[in-house]
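Chains as they are written, first to last, in the numbering used here: chain A, 1 to 215; chain B, 1 to 221.
Any given hint could turn out to be false.
[As the list claims (entries may be wrong)] Pairs of lysine-lysine residues, derived as DSS-like cross-links and limited to a Cα-Cα distance of at most 25 Å, are as follows:
| no. | chain 1 | residue 1 | chain 2 | residue 2 |
| --- | --- | --- | --- | --- |
| 1 | B | 210 | B | 9 |
| 2 | B | 147 | B | 9 |
| 3 | A | 137 | A | 70 |
| 4 | B | 136 | A | 137 |
| 5 | B | 120 | B | 149 |
| 6 | A | 69 | B | 9 |
| 7 | B | 120 | B | 154 |
| 8 | B | 40 | B | 9 |
| 9 | A | 70 | B | 120 |
| 10 | B | 136 | A | 131 |
| 11 | B | 120 | B | 147 |
| 12 | B | 71 | B | 154 |
The set of hints was computed from the structure by calculation and includes no laboratory data.
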Amino acid sequence: MRTLSLADAVALIPDGASLMIGGFMAVGTPESVIDELVRQGKRNLTVIANDTAAPGVGIGKLIGARLVKKVIASHIGTNPETQALMIAGEMEVDLVPQGTLIERIRAGGFGLGGILTATGLGTVVEQGKQKVAVDGKDYLVEPALRADFALVNAFLADYLGNLAYALTGRNFNPVIAMAADTVIVAADNIVPVGVIPPDHVVTPAALVDYLITQS
Amino acid sequence: MDAQTVIAKRIALELRDGTLVNLGIGIPTRVASYVPTGIKVYFQSENGLIGTGALPEEGMHHRLLTDAGGKPVAALPGACTFDSAMSFGLIRGGHLDMTVLGGLQVDQTGHLANWMIPGKMVPGMGGAMDLASGAKRVVIAMQHSAKGKSKLVKVCTLPLTSARPIDLLVTELAVIAFPGGQATLLETAPGVSVQQVLDMTEAQLVVPDKVPEMALSAASL
């Protein structure tokens, strides 16, 4: 793990990168990283996240700044800008059931090629997908998802990069930390090693590539 | 009593002690206000919480403690939090005893459509498909009609949420179940006749000989 300033960490991200971003309606989203992506004007991004929050909030800032080429999410209903860009054909949006989305990401991080799920059977979600029967039950084959970068928000990080989360800020964060080539963490609090007891570490430091230093 | 209150109160009587229940946004959220006394229900919020409680006192909310709509909630004593993979493992894995969801249409075989109106509203399915496919019991809270048109239809014209039929539909007029894949009238709301329900319903309804009146509190059962 290396520590970097916010600007230097975001400078690692090239135009056209795929980003998994933590957060559920911007709760648990690394807001400072989003702001810096907008400031540095990164373009043609692919965003993989639960939702696109709302205009001017969390991932909604990337959408509003037209920095996103493609979104893979479960819900965009709270962001009319995402819907308008999708309908106008200016941004590709792939809508995935929430449980399938997080499990595809988990598979990507856990060395699995994909998952089998009954969710989406008999709906538009099954269009174009392979179906298999196991023990007489039908499932959809949903491929694993990975990304170039995971942008993680933790409540606590220690000096080594061990992470703990708080309340509903956890959501996608520990799962995306497993599923990207480069893991960048913005923590609300950075604390000495040992402050997070071993049993409370959710994301081991070995998974973290860069921890953003407090400004 | 307004339609939404009737629906929420009736569905609250479906809650059982010690069960894990997920409430959707809208009318379903209101079910939590009418939990019968003497039972303990674990309410799950799919963003990663079991033990959601009513809104905290003004000024006592925490920015990292929210419901599935991103709104502040409280956590009750004994609450626990977890990541989204665990949350949907609970839902798909047969651990969730009941989900209460809203509906745009339910058809006479029990199929649910509740996530999009093509060309008009494309919000994404969020957790609805996992909930409708994975929960042990799927209960729908839905107003009986919209703009005078029955939402309990012969065949759903909107995109389905799941191929798996729902278990129970509660509207402000009636309680309907789907034994053998046929919409069957179980109860009518106070002051509502069987004929009135039939007149307001597009779907073919099976009507048993006796259709009792809907109870709205445990005391009146």
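Do the hints match the structure? See the list:
1. 210(B) <-> 9(B): OK: residue 210(B) and residue 9(B) at ~22 Å, within 25 Å.
2. 147(B) <-> 9(B): holds, 23 Å
3. 137(A) <-> 70(A): violated, 33 Å
4. 136(B) <-> 137(A): holds, 16 Å
5. 120(B) <-> 149(B): It holds: about 18 Å lies between the C-alpha atoms, which stays within 25 Å.
6. 69(A) <-> 9(B): violated, 45 Å
7. 120(B) <-> 154(B): holds, 22 Å
8. 40(B) <-> 9(B): holds, 16 Å
9. 70(A) <-> 120(B): Within the cut-off at roughly 21 Å; holds.
10. 136(B) <-> 131(A): Holds. Residue 136(B) to residue 131(A) sits at ~23 Å (cutoff 25 Å).
11. 120(B) <-> 147(B): holds, 16 Å
12. 71(B) <-> 154(B): Measuring from Cα to Cα gives roughly 36 Å; hence the hint is violated.
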